[in-house]
Amino acid sequence: MSAMDRVVIELDQGWGFMEKGITKLKKILEGLDEPQFNPEDYMMLYTTIYNMCTQKPPHDYSQNLYEKYQESFNVYISSTVLPAIKEKHDVYMLNELVKRWKNHKLMQRWLSRFFHYLDRYFIARRSLPPLNEVALTCFRTLVYTEIKGEVRMAVITLIDQEREGEHIERSLLKDVLGIFVEMGMGNLDYYESDFEAPMLLDTASYYSRKASSWIVEDSCPEYMLKAEECLRREKERVSNYLHSSSEPKLLEKVQHELLTVVTNQLLEKENSGCQALLRDDKVDDLSRMFRLFSKIPRGLDPVSSMFKQHITAEGLALVKMAEDAASSKKVEKKDTAALQDQVFVRQVIELHDKFMAYVNDCFANHTLFHKALKEAFENFCNKGVAGSSSAELLATFCDNILKKGGNEKLSDEAIEETLEKVVKLLAYISDKDLFAEFYRKKLARRLLFGQSASEDHERSILSKLKQQCGGQFTSKMEGMVTDMTLAKDNQSSFEEYLTSNPHTSAGLDLTVNVLTTGFWPTYKSSDLRLPEEMVKCVEVFKEYYQTKTKHRKLTWIYSLGMCNVNGKFDAKTVEMIVTTYQAAVLLLFNSSDRWSYADIVQHSNLSDEDVFRILHSLSCAKYKILNKEPATKTISPTDVFEFNHKFTDKMRRIKIPLPPLDEKKKVIEDVDKDRRYAIDASIVRIMKSRKVLNHQQLISECVEQLSRNFKPDFKVIKKRIEDLITRDYLERDKENPNVFKYLA
Amino acid sequence: MNKLGRGHRDKVHQFVAITGASEDVALKALKASEWHLEGAFDVFYSQLQLRSKTDNRRLEELYNRYRDPYADMITADGITYLCNDLMVDPQDIVMLVLSWHMKAATMCEYSKQEFISGLQSLGIDSLEKFRDRIPYMRNELKDEHKFREIYNFSFAWAKEKGQKSLALDTAIGMWQLLFDERKWPLIEHWCQFLQVRHNKAISRDTWSQLLEFVRNVDPQLSNYDSEGAWPYLIDEFVEYLLENCIVQRG
Chain U
1 MSAMDRVVIE
11 LDQGWGFMEK
21 GITKLKKILE
31 GLDEPQFNPE
41 DYMMLYTTIY
51 NMCTQKPPHD
61 YSQNLYEKYQ
71 ESFNVYISST
81 VLPAIKEKHD
91 VYMLNELVKR
101 WKNHKLMQRW
111 LSRFFHYLDR
121 YFIARRSLPP
131 LNEVALTCFR
141 TLVYTEIKGE
151 VRMAVITLID
161 QEREGEHIER
171 SLLKDVLGIF
181 VEMGMGNLDY
191 YESDFEAPML
201 LDTASYYSRK
211 ASSWIVEDSC
221 PEYMLKAEEC
231 LRREKERVSN
241 YLHSSSEPKL
251 LEKVQHELLT
261 VVTNQLLEKE
271 NSGCQALLRD
281 DKVDDLSRMF
291 RLFSKIPRGL
301 DPVSSMFKQH
311 ITAEGLALVK
321 MAEDAASSKK
331 VEKKDTAALQ
341 DQVFVRQVIE
351 LHDKFMAYVN
361 DCFANHTLFH
371 KALKEAFENF
381 CNKGVAGSSS
391 AELLATFCDN
401 ILKKGGNEKL
411 SDEAIEETLE
421 KVVKLLAYIS
431 DKDLFAEFYR
441 KKLARRLLFG
451 QSASEDHERS
461 ILSKLKQQCG
471 GQFTSKMEGM
481 VTDMTLAKDN
491 QSSFEEYLTS
501 NPHTSAGLDL
511 TVNVLTTGFW
521 PTYKSSDLRL
531 PEEMVKCVEV
541 FKEYYQTKTK
551 HRKLTWIYSL
561 GMCNVNGKFD
571 AKTVEMIVTT
581 YQAAVLLLFN
591 SSDRWSYADI
601 VQHSNLSDED
611 VFRILHSLSC
621 AKYKILNKEP
631 ATKTISPTDV
641 FEFNHKFTDK
651 MRRIKIPLPP
661 LDEKKKVIED
671 VDKDRRYAID
681 ASIVRIMKSR
691 KVLNHQQLIS
701 ECVEQLSRNF
711 KPDFKVIKKR
721 IEDLITRDYL
731 ERDKENPNVF
741 KYLA
Chain H
1001 MNKLGRGHRD
1011 KVHQFVAITG
1021 ASEDVALKAL
1031 KASEWHLEGA
1041 FDVFYSQLQL
1051 RSKTDNRRLE
1061 ELYNRYRDPY
1071 ADMITADGIT
1081 YLCNDLMVDP
1091 QDIVMLVLSW
1101 HMKAATMCEY
1111 SKQEFISGLQ
1121 SLGIDSLEKF
1131 RDRIPYMRNE
1141 LKDEHKFREI
1151 YNFSFAWAKE
1161 KGQKSLALDT
1171 AIGMWQLLFD
1181 ERKWPLIEHW
1191 CQFLQVRHNK
1201 AISRDTWSQL
1211 LEFVRNVDPQ
1221 LSNYDSEGAW
1231 PYLIDEFVEY
1241 LLENCIVQRG
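Protein sequence lines, in the order shown, are assigned to chains U and H. Letter by letter, the first sequence follows residues 1 to 744 in the numbering used here. Letter by letter, the second sequence follows residues 1001 to 1250 in the numbering used here.
Isolated chain H, as found in the complex (with noise of 0.2 Å):
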């Protein structure tokens, strides 16, 4: 609260009058409309109503109608009758935020419980209710810190049931889908660089590491420390730049 400026610290306290909300709520409200007090009373009674109870009977109606008729789970083609319900593309990177809010275990199938789960903690119960919801989910992918979870979230989604790391080519599609998003100016070089140099899966860790390199370096490599900690790979990837001339090190 201290560092805010006046004006914020002025609409904080306004907004935690008016609805009764804790001073962190409010903040976590005006920060995801930027600052504009009606948009923030916007996110804060649609949480609310997230809150709601999700009416169970209607929710096994749902899961019924797309779950694939020879096992209890929905499988590709059932997501993909989902999204033709939505009027959202399968490729859609909501389809990514939703598959987080269930704890899916992989992508192309979701079972029944993270199905039903996932509904629940976004208050669904019906698909007027699903529709409705596909622009926070998409908002979410804003806010930093679930970006980051989300990020985190689609390497073991991605990955082979029972291997230990991501192969190349779903990694690079992931990575383009996400970044994106969330620009990062040398998504490309990083694609092709990898196709050309590296040519194998993707560990854990490479994965993880590589959203903080986003995060923290920026794309002229002006603060990239060659000494640090950073996976090889992504040292190599720096050399990569350097050879090429890509960047230039001041």
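Just chain U, with the same shape it has in the complex (with noise of 0.2 Å):
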């Protein structure tokens, strides 16, 4: 049919006909019984709307169609829909709401397929709202508005109901929230302020009130637990049937009201807070800890603070231990006062090994609580033990683990394994400087004493350290060590010139090694007066050195070496293993049998301090090769020494130790002269960059330069700034005395 020939359908009566299918589609959607839309039914309702719009003015009812669609909405919602959802209450009117909501889409879906139509041509022509758009504008006009206030109280209600362990019915919510979202049409404007803001609120509330119970009355560790499990929940809560959007809101809040608001009490709770779970090692806790307050802003930062303290508190009763132990120790009993020392540092070793594990296990390797570690050691380690420093106490440590005989008697990858970590205890004190100097101190003993264990620790700490500190910290050690390489090689060398020399014969075997002055400690060159036993060889080794270099001097230093000297007491000989100067002594008695002390001062040219040591270490020690009159246990200077003919020993060669001075003083005073030149250096480069600058801020780039080796004194920096004033390298600015410039 043609338009032309159409029957013109009059707006009532087309109006009729589509009132009876919508009525019809009423029945069904109230579950009456009553026959389903056939293909038939469908089409004519279609085709009706269709002619309706498609007549020409004046029965083009378009517009009225438009409005009559709307209005059976509001009709059904107004007279059927709202006062059913209105008579039921809590979750039997959520139940009908849903049932409603539902049955509104349905009806909404078969409408605008009768209305097609009108949403291909009319909507578009007048830029008016899509028919679902309608629909959805009527429902939420009419009956959101009304109720939602009502439902989202109940919701609520049933959300505390399931906190509260009672059983809920999730669909149920997840439907009436899905309605919520539904309202915004791709915005979730209506779900965020009409439910979702009040429900937080509500969850706020909620657990702040358990909070203020449970922070009573729970140990930190059952709080946290219950924290945990409170979070697991509300984020079940979400998946089961809140829309995902308000996660991270809902969690927020939680963490809020349980964690934020109580942190110091709980972490500062007496029994049962950070410190005790610290001190009792409960590592689950901890870590639960760390998981619950990495989650809110900052919540890391009072956990690591005090961890700082627990280590802090720790590794100061470790030195209050230390330096109680060494109080109490008689002075005589130097070696058991050293071994403390020793215990200490190991102990040390241990509580960094502790506390680093936390660190992994606990506490993630979070770098703020590898920040606390570090600051926690920095501030006891720098502290002495007993007027020992903690550098020296390191180098003392080292020298026992590598020379022979040490106390500590360790595997081979123990000891490697040792060293590593004293390396990293270096990092934590400041004066490493010192602790080059004591253990440079220490590696030349051992070295020129035969004393080190093995040249492959040797090298493999001196690796770690270069790692560790940088290559110039151990240039000068790594030399000293080469030194002996080739001191070997000189020896060989020499000894072929003594073979192919035969005039050269002394009678004596001489062993020289030949260092390079700058790598190794300084040591007075000595005034000994050489036996007349040894000077031949002297001589010799002397020639044979011109023949190799012209261009060097040596230096001799007699106060390192050692002699194996033949004892030829009454009952056998004896190889006595001695020092140079303990040797010079004894060949004394080769001229005659009685000594007095001053004689020998006399005629050794030693000095006091020296003859002192030497002449204990020979009659007042374990091995008594010298009588002395009167016998006592202590050297004085009218004493009289005599060969002791009758000494014997089991061994045929025993070694007779000369306990060395005490180096610490002239450490530190070649230390302290040390750090003068390097502030001095450190002031002149900073100012020659600068050219200008005020005193605080050279202060500070002062002390920034220098801190990768010691920490430098304020005052002395001051004082070296003047120096270099009355150097004519700097001035002060002639307007701002606070100003120095560079004079170059």
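If you are wondering where the hints come from, they were derived from the structure by calculation, not from laboratory data. Mixed in with the good hints, there may be bad ones.
In silico lysine to aspartate or glutamate, EDC-like type, Cα no more than 16 Å apart, as pairs [what the hints assert, rightly or not]:
| # | chain 1 | residue 1 | chain 2 | residue 2 |
| --- | --- | --- | --- | --- |
| 1 | H | Lys-1164 | U | Asp-723 |
| 2 | H | Lys-1200 | U | Asp-723 |
| 3 | U | Lys-719 | H | Asp-1143 |
| 4 | U | Lys-719 | H | Asp-1235 |
| 5 | H | Lys-1200 | U | Glu-701 |
| 6 | U | Lys-715 | H | Glu-1149 |
| 7 | H | Lys-1164 | U | Glu-731 |
| 8 | U | Lys-734 | H | Glu-1239 |
| 9 | U | Lys-718 | U | Glu-735 |
| 10 | U | Lys-715 | H | Asp-1225 |
| 11 | U | Lys-715 | H | Glu-1236 |
| 12 | H | Lys-1028 | H | Glu-1212 |
| 13 | U | Lys-718 | H | Glu-1227 |
| 14 | H | Lys-1164 | U | Glu-722 |
| 15 | U | Lys-715 | H | Asp-1235 |
| 16 | U | Lys-719 | H | Glu-1227 |
| 17 | U | Lys-718 | H | Asp-1225 |
| 18 | U | Lys-718 | H | Asp-1143 |
| 19 | U | Lys-718 | H | Glu-1236 |
| 20 | H | Lys-1164 | U | Asp-728 |
| 21 | U | Lys-715 | H | Glu-1227 |
| 22 | U | Lys-734 | H | Glu-1149 |
| 23 | U | Lys-249 | U | Asp-189 |
Just the calculated beta-carbon pair ranges, DEER-fashion [as the list claims (entries may be wrong)]:
| # | chain 1 | residue 1 | chain 2 | residue 2 | range |
| --- | --- | --- | --- | --- | --- |
| 24 | U | Lys-711 | H | Gln-1248 | 27 to 35 Å |
| 25 | H | Asn-1223 | U | Asp-284 | 56 to 64 Å |
| 26 | U | Ala-386 | H | Lys-1164 | 56 to 64 Å |
| 27 | H | Glu-1188 | U | Lys-711 | 56 to 64 Å |
| 28 | U | Glu-420 | H | Gln-1248 | 49 to 57 Å |
| 29 | U | Leu-743 | H | Asp-1169 | 49 to 57 Å |
| 30 | U | Lys-673 | H | Gln-1113 | 39 to 47 Å |
| 31 | H | Asn-1152 | U | Lys-673 | 28 to 36 Å |
| 32 | H | Lys-1112 | U | Leu-743 | 28 to 36 Å |
| 33 | H | Glu-1160 | U | Arg-552 | 55 to 63 Å |
| 34 | U | Lys-673 | H | Glu-1061 | 35 to 43 Å |
| 35 | H | Asp-1169 | U | Thr-516 | 32 to 40 Å |
Computed footprint of chain U on chain H, listed as stretches where at least three residues anywhere in the stretch have a Cβ under 8 Å from a Cβ of chain U [stated by the list, open to error]:
| # | stretch |
| --- | --- |
| 36 | 1201–1207 |
| 37 | 1220–1233 |
No residue lacks a Cβ here, since even glycine has one placed at the ideal position from N, Cα and C.
The task is to assemble the complex, starting from two chains supplied on their own in separate frames and drawing on the hints.
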């Protein structure tokens, strides 16, 4: 039928027909006994609309039909839907609401199909909302706005019930909340303002109440368990029926109430708080604490600061223990005191291992905790024990591991591991240059007296130190180790020289270590009057050395030499391994059996201090090679010494040690001197590049530059600045005496 | 000029109108005479006299009167003689001011060059004029700028030739002299402190910074900045004062 031929449908007539269809639909929705639409029904309804819209004016009823469409919804909702919902309450209301919404959607779907033609042309032409939007707006305006408050309250009540452990219908809530979401038609505005915001407020007050009572009743671990559980449940809640966008906001609220608000109370709980957990090694609880607090902003700050406090306290306790042990020991028991120091270092290493494990295991290697550990160790590691600085203690510890017969008897791997850890500890010590100097002194002794247990270990620790502190730190020490190798080569070529020059035989075997002065610590060259027996071979060596090089000067340090001396005693000959100094004194007794103290001093040309120690080692120690008159335990300048013919020992060869002088003072003096030069150089370097700089900045840059090696004292820097002013490197600015200028 | 009060500005204008001098000169003169117009005129006209030419022949005569018989310079004896003629004590601080005008290299001697050029700059070529100049020279110490210049000059002047630092005894003597002129309440404590705690020579930096300390820090030390760039000796002095409760830190 063409449009021309079509019979015009009047509005009333057409609408009456549509009404029948709508009524049928309503019956279906109400669940009444009504058959479904068949295809013909549908076609008729659709065509009716189509016809009425395509008729020529004045019979094009698009506008009317559009209005009637909307009206159908309004009527139905007002008369049937809304009352049905409003007469119920709580869960029942929610159920009704869900049912009615589903119905509404169905109605909208069907009617839209019937009225579809309007969607195609009419609404676009007039820029009107499409049919589905019209339908939704009807529902929203007439139903949603009316009941949203009551619905929200019902939902929140259910949520709180579930929180208390009751069983609720989750799918119902999911459907209800789905309505809130759908009301926005693409955005979440209605959901957020009509449901989410009030829900969050309710959540906050719910958990605030819980927190207040739990914090009082529960221990820290118990509380944390509950908090963790709550968070887990809330997360589940979201996936069960809340909109996913609510998750971060919900969790944030819960965390705020359960954790942020009570942080201090929780962590500082007397017997179960952070400190207690650390003390009692509660790894699980601490891990939980980390997990929970890492989620709230700055939440880890108090935890890490308690961690730092705890470590500092433990470290200081070790220091105190060592101090007490040292002061309670008597002066003679020097060895046990030294042992105590070594025990202290061991304990510090163990402490470090223990807390590093915490950082790795409980605190997930977080930088904040690494920092706390570092700062704590820097705090107590710089405290000395019983007059020895930590730098010295550490150097002595290394010495004990690396020398033969040291206190530590460890396997190779254990040694490597320990050295590794010691080097790590060095990072916390600010006076690294002091450590280097002590280490160097002890290394020298080990190398020169053949006390080094293993060259591999020596090189290994040097490479670790190099890695940690830079090449400049270890260059001298490496030079020393290399020197020893070169010295061996030198010695072999010296021996060749001897064999090829028979006139040079001196009756004594001489081994010489030629060392590079710059690498080794400074030693006083001694004025020892060399015994006759030794003079010739020294001369021979000098001759030999001249053949090798004419440009170097040899300075003989007899204080570092060793000697094997045969003592022809009555019972048997005993070979004695002694220092050259001791040998020099012993050899005096070849010319006479008795010597007085004064004569020994005069003849040997050694200092009183040296002679004292030497004679003590030979007459008052383990082996009495000399008899002393009077036979007291200490040496006095009036004593007389006699060769002890009767001496013997079950061994054929003995070692008579000469305890070294305490180098501590000299080391500290040397380091202070080097520091002054370093500060000078640093100031000049800074001023040269900056040209003009104020006092505060100069000092802070200087400290920064030198921090790798030591922490310079503020007063010392000031003095050096003044010294540089006097030496015309710097001057004060005329206008502002706080500012310095570089003088080229 | 903007900072002056109405009365002072008027005086400057008057001065300029009468003498024809510049505003700067007017200001200096008025300040030196504590804003008394007539006093300012005196100062101004006496300065004018400075620029008058000095008779070189008479200067030579004056020099020869005091010079050492064996060396071409004036030595300690000559200086004593000069002081007698001037009726001034050799220890009088005005001799320091005189030395400053001469740019004398070291104390107790004047080279011919120093003597003559110094007197020329002061407009002196006779003993009478010399005596007249004495009050003027004394007055110069009251000027803050000049005092500072004289103070800093005296370090190089008082120290031994060839030394970089000033011997402690000499330094203390100089300080007592200078701070008697420009009062400093802590001078005695300073000298005591040095003798008890320091006992070494004084560096140029310490010397010059002390004046800054005196000028800027009040005797109660309320505005002393311990983080500042004061020489360490001054820091130690402050510690000394606090330790001995000479000053209470508020």
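Inset, instruction - Verify the proposed pairing of Lys-715 (chain U) with Asp-1235 (chain H), using a straight-line Cα cut of 16 Å. - result: holds (9 Å)
Legend entry - Outcome of range test on Cβ distance (Asn-1223 (chain H), Asp-284 (chain U); 56 to 64 Å): holds (58 Å)
Legend entry - Restraint status (C-alpha distance of Lys-718 (chain U) to Asp-1225 (chain H) at most 16 Å): holds (14 Å)
Legend entry - Hinted pair Lys-718 (chain U) and Glu-1227 (chain H), Cα distance within 16 Å: holds (10 Å)
Inset, instruction - Look at the Cβ atoms of Glu-420 (chain U) and Gln-1248 (chain H) and judge whether their distance stays inside 49 to 57 Å. - result: holds (55 Å)
Inset, instruction - Please work out if Lys-1028 (chain H) and Glu-1212 (chain H) have their alpha carbons no farther apart than 16 Å. - result: violated (23 Å)
Inset, instruction - Could you see if the CB distance from Leu-743 (chain U) to Asp-1169 (chain H) stays within 49 to 57 Å? - result: violated (30 Å)
Inset, instruction - Take the C-alpha atoms of Lys-718 (chain U) and Glu-735 (chain U), compute the straight-line distance between them, and say whether it is at most 16 Å. - result: Between Lys-718 (chain U) and Glu-735 (chain U) the Cα gap is close to 20 Å, so the pair fails against 16 Å, i.e. violated.
Inset, instruction - For the pair supplied as a hint, Lys-1164 (chain H) and Asp-728 (chain U), confirm whether the alpha-carbon distance does not exceed 16 Å. - result: This hinted pair holds, its Cα atoms lying about 11 Å apart.
Legend entry - Agreement of Lys-1164 (chain H) and Glu-731 (chain U) with the hint, judged by alpha carbon distance not exceeding 16 Å: holds (15 Å)
Legend entry - 16 Å limit on alpha-carbon distance, applied to hinted pair Lys-718 (chain U) and Asp-1143 (chain H): Status violated; Cα separation ~32 Å.
Inset, instruction - Take a quick look at whether Lys-715 (chain U) and Glu-1236 (chain H) sit within 16 Å of each other, Cα to Cα. - result: Holds, at about 10 Å.
Of the numbered hints given earlier, the model fails hints 3, 5, 6, 8, 9, 12, 18, 26, 27, 29, 33, 34, 35; all others are met.
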